[in-house]
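Enquirer: Add chain L to chain E, keeping to what the hints say.
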Amino acid sequence: MSDLIINKLNLSSISPNFSQSFDFSIPSGTCMGLTGPSGIGKSVLLKALADMLPHQGEIFLGDIESQMIPPQQWRKKVALLPAESQWWFDMVGEHFQTFNEELFAHLGFKKEVLQWQISHLSSGEKQRLACIRVLMNEPEALLLDEPTANLDPHNRIQLEELIKDYQSEHQIPVVWISHDKEQLNRVCQQVLTLNNNHYKVNKISLEQEGAMI
Amino acid sequence: MIHLTPWDLVIASSMIILLAITSLLLQLNISKQLIIAAIRNVVQLLLVGYILKLIFNSNNLYLLATIATIMLLVAGFEINSRQKYPLKRWVGFRIGTSALFISSFAMALLSLMVIVAPTPWYSPQYAIPLLGMLLGNTMNGISLGMDKLNQSVYQQRLVIEQRLMLGQSYQEAIHEIRSESIRTGMIPIINSMAIAGLVSLPGMMTGQILSGTPPIEAVKYQILIFFLIAAGTGFGIMLAVWMIAKRLFDDRQRLNLDILQIKR
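If you read the protein sequences in the order shown, they are chains E and L. Using this note's numbering, count along the first sequence one by one with no gaps and you end on 213. Using this note's numbering, count along the second sequence one by one with no gaps and you end on 1264.
In isolation and in its complexed conformation, chain E is listed as follows (with noise of 0.2 Å):
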């Protein structure tokens, strides 16, 4: 229910590509896409949004700013799904503590899935299983870091429709990578192009503008 507001963010002493600091907001129940050449910092970005990497600046989500409450309940709130992500244990099942039928089924999963081992899931499988894992924790802000890149064209957009759903029910800002421009059109409101040095922010159309109001 609450925008996410990045003030004045400076993150020069992590790379040189960061000499300007970030000054943009996401309101609530909106999508911004990021973009930009590899290499050049988009997961660097969404980390320290996550108060992954120290950073100058303020992230505010609604009006609790990120050093105010502790590193845990930032993260939990403002959930970070990195581009590949990590099990640690053996089974699926062991990375859940509770298990939710409709979630795993937007998905394509049944609730064989938390018997299966680890070592034998896909990448696309680990993917969506990580999608999952992060929504469960109920975020109040989403950043996606390329979350489709390792899936097929329908498990693409069943993702993208979880996503959109969680976003509008829950009303959270999202952060999206992505370097395909149709799928940042299909799910964002504005998207932030960093380059060397400098980014900028732009709306996708109004007509989805005015369809979120």
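Keep in mind the hints are simulated off the structure, nothing from the lab. Please note that a few of the clues may not be correct.
[To be verified] So the derived label-pair ranges between C-beta atoms look like this: (1) L:L1198 x E:G39: 40 to 48 Å; (2) E:D63 x L:W1090: 41 to 49 Å; (3) L:I1223 x E:M91: 40 to 48 Å.
For glycine and all other residues, C-beta sits at the position ideal for the given N, C-alpha and C.
Expert: The following block gives chain L in isolation, referenced to the frame of chain E:
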């Protein structure tokens, strides 16, 4: 008691030289370390032999404290050697030394003041061998535990970060690694306690028996030493692992590998 002549030791050393030549021929890259360790062994032990002879004749607490401090500092320095991803020198030295100090010295004091209780309690004939055995063994355990911890954290850094991203605290995120490291450090002492007497006669007991102590007396001392080493190692590792784990994360619980020496 049968006294050893220098020739007896020369014969034993020929076995080490034979091993070194063999491993050189097989290109095992261990000969140099082996020879250096063997030479250090001879020099250090001879030196200690003479120093002990001096100290045993004087019941001086300050002299003993000086020796104990040197022993501690050397062990604290050595604890970070031969590790795959050692801590940066000063961090490692500080953490290793404080873990060793608290674990070994606590156990040594307990045995000197309460259990064995020689008069005076700092009688060097008891204090130095006891402290030496405690330091040597706890150092071994702590060093193994630290090696495992640093290596696992480095190799599983992405997993740790993923767990942090999911809102876990740093303690949760490295819980398995932490207990695995403590277990690794404890394995040697648990193994040697378990097989003691069945497979091997422990070194201290063997020495006492060789020099003519009645076996049952030697056994009692050996049990005492085992218990103290096990407790010292366990507490020492827990302490070291706890201190390292704290340093591996910053104030916002972000993984920070800056305290590791990573060879690029």
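Enquirer: Hint by hint, note whether the structure agrees.
Expert: Against the structure, the hints:
{"no.": "1", "hint": "L:L1198 x E:G39: 40 to 48 Å", "verdict": "violated, 60 Å"}
{"no.": "2", "hint": "E:D63 x L:W1090: 41 to 49 Å", "verdict": "holds, 43 Å"}
{"no.": "3", "hint": "L:I1223 x E:M91: 40 to 48 Å", "verdict": "holds, 43 Å"}
Checked against the numbered hints above, the structure violates only hint 1.
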